[in-house]
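Enquirer: So the chains spell out like this:
2 protein chains.
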Amino acid sequence: MKLPSKVKIVDVGPRDGLQNEKGQVPAEIKIGLVHRLQDAGLKEIEVTSFVSPKWVPQMADNAEVMAGIQRRPDVRYSVLVPNMKGFEAAVASRPDEIVVFGAASEAFSQKNINCSIAESIERFAPVAEAALAKGIAVRGAISTAVGCPYEGDVAPERVELVARLMKQIGVQHVGVADTIGVGTPKKVQAAMEAALKHYDIDHVSGHFHDTYGQALGNTLACLEMGVYHYDTSSAGLGGCPYAKGATGNVATEDVVYMLHGMGIETGIDLDKLIDAGKYISDFLQRKPNSRASTAILNKRAG
Amino acid sequence: MKLPSKVKIVDVGPRDGLQNEKGQVPAEIKIGLVHRLQDAGLKEIEVTSFVSPKWVPQMADNAEVMAGIQRRPDVRYSVLVPNMKGFEAAVASRPDEIVVFGAASEAFSQKNINCSIAESIERFAPVAEAALAKGIAVRGAISTAVGCPYEGDVAPERVELVARLMKQIGVQHVGVADTIGVGTPKKVQAAMEAALKHYDIDHVSGHFHDTYGQALGNTLACLEMGVYHYDTSSAGLGGCPYAKGATGNVATEDVVYMLHGMGIETGIDLDKLIDAGKYISDFLQRKPNSRASTAILNKRAG
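Chains as they are written, first to last, in my numbering: chain A, 1 to 302; chain B, 1 to 302.
Note that these hints are calculated values from the structure, not bench results. It is possible that part of the hints are untrue.
If chains are identical, the list can't say which one is meant, so a pair holds when it fits in one copy or spans any two.
Below are the DSSO-like pairs computed for lysine-lysine, each with C-alpha atoms no more than 27 Å apart in a straight line [unchecked claim]:
#, residue 1, residue 2
1, K272, K167
2, K287, K299
3, K186, K272
4, K54, K186
5, K272, K22
6, K111, K287
7, K299, K111
8, K186, K6
9, K54, K272
10, K8, K167
11, K272, K111
12, K186, K43
Build out the structure end to end from the sequences listed, making use of the hints.
Expert: Structure follows, in structure tokens:
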């Protein structure tokens, strides 16, 4: 196995995770989660989104959350923006990075954001340009990169197309996202290979959901390709809107447990990470959706 | 990736799984589970154990269960035996294979079966001899092959020792078992390498627990070594006696989902397998402990 010696984790729990939770989480709790994640050693946190509260009421407190974080110079705070209006609102909150997105499935693009893939990229072109002009980094998320709830299997060529379009508008880094968690190691590698036709190994991420329990296998498969950026979600926050009651984003704890067990550095303190996940799970009145966390919390309880 | 094109799954749910469940499961339900597993295409099922009911009351109906199965000629029915007395009781029920066991951790051997590793192997020597004389296959399980609840990390040399001892007494096939689920891909590969010093690739299995969510990554790591036998448990039956409320054996459904997604044949019908897991989970009045099953059952429910 050729493996990276270090991995960079982006915790997307506060945004991608909490966005899919039913209950409204107060800004102070979100801020508390971000603080605990940075205390645990996370160096990049996807904090919130600047999508219209009509569509995503969970993130209506975006500006308040961003303003409330005691920032650290070595941590990158990113926010998701859907369009120019969202970007303008986001700028005031001084993100280090914005996240734009495009689906690899045409049907998903239509159902999710009511436009074609090509139109969605066109919409993001001025956003990326404006961000870069202001010195804000631009990351792109390629959703439904392996499978789509409407179309089924998604061909790697579709991922390549979106990666090419994102490259053209100046997106600096792309994440290959298995939005519905149906991917398995070889399929995920094929999707990642497609992205690597337009981005080098330093500028691609794996973003896996554990809906079918496949996320760690998929992560290992990408580690073996040398991929060293992964998006994960503290306590496995976020369900799957396409399968009620199912798991969404892979838990940061499970990924970090695997990486440390393999001798791969993350800079993350697993015990503090588990505390962060416990904090938000306690607020949500449920157990962390992470097997490593469950096992370690049980062990602590003795 | 060099990967096997076919994988053989041993479903250990009726024995290793149900043995760790709190409630007593009636023989007819166990038989119903075995029938559903073979209908789903499983070709080897670990049915029960012939351990004293004083120690494992859950398996006191061993003879009744074995007698009640409508056997198929192409399915192998195995039972676990702890000693000569257990073997003699098992013989009457005509198993195709017996399973003997030894820990790679001295402390675990002492606490679990109250004797040293060497003593446990000595105890199994006449059992293996008698089984082979009767034409019954003999499989060995090397428990705590990666980590031990009492000793912590277990060195691969310990696994090699147990594999050598098992080879000496005629055990034909060994399983490398991560009994407490603490293993990660490189550690599991090292343990498997150690077993492969005494057994060829056709005679080793991976037996992984998902306590820390690592089982599929570990399975993938072993697939990449060419290992093509895995023990798994329908519906993830069986908790972890060393971490209350934690996951035990990896769910057959999750492993099969991954294998099929990778184009690896198992001969198993995933939908029927999910039905089998649902059957026993319904009896236990809980949801299957399998993410693939959860996602697919949710999808069926629409």
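Enquirer: Please go over all the hints and tell whether each is borne out by the structure.
Expert: Evaluation of the provided hints:
1. K272 x K167: Close neither inside one copy (37 Å) nor across copies (44 Å); limit 27 Å.
2. K287 x K299: both (15 Å within a copy, 24 Å between copies)
3. K186 x K272: Close across copies (24 Å), not inside one copy (33 Å); limit 27 Å.
4. K54 x K186: neither (38 Å within a copy, 47 Å between copies)
5. K272 x K22: within (26 Å within a copy, 33 Å between copies)
6. K111 x K287: neither (32 Å within a copy, 31 Å between copies)
7. K299 x K111: between (44 Å within a copy, 18 Å between copies)
8. K186 x K6: both (23 Å within a copy, 15 Å between copies)
9. K54 x K272: neither (35 Å within a copy, 42 Å between copies)
10. K8 x K167: within (22 Å within a copy, 44 Å between copies)
11. K272 x K111: neither (39 Å within a copy, 32 Å between copies)
12. K186 x K43: Between copies only: 26 Å across, 29 Å inside.
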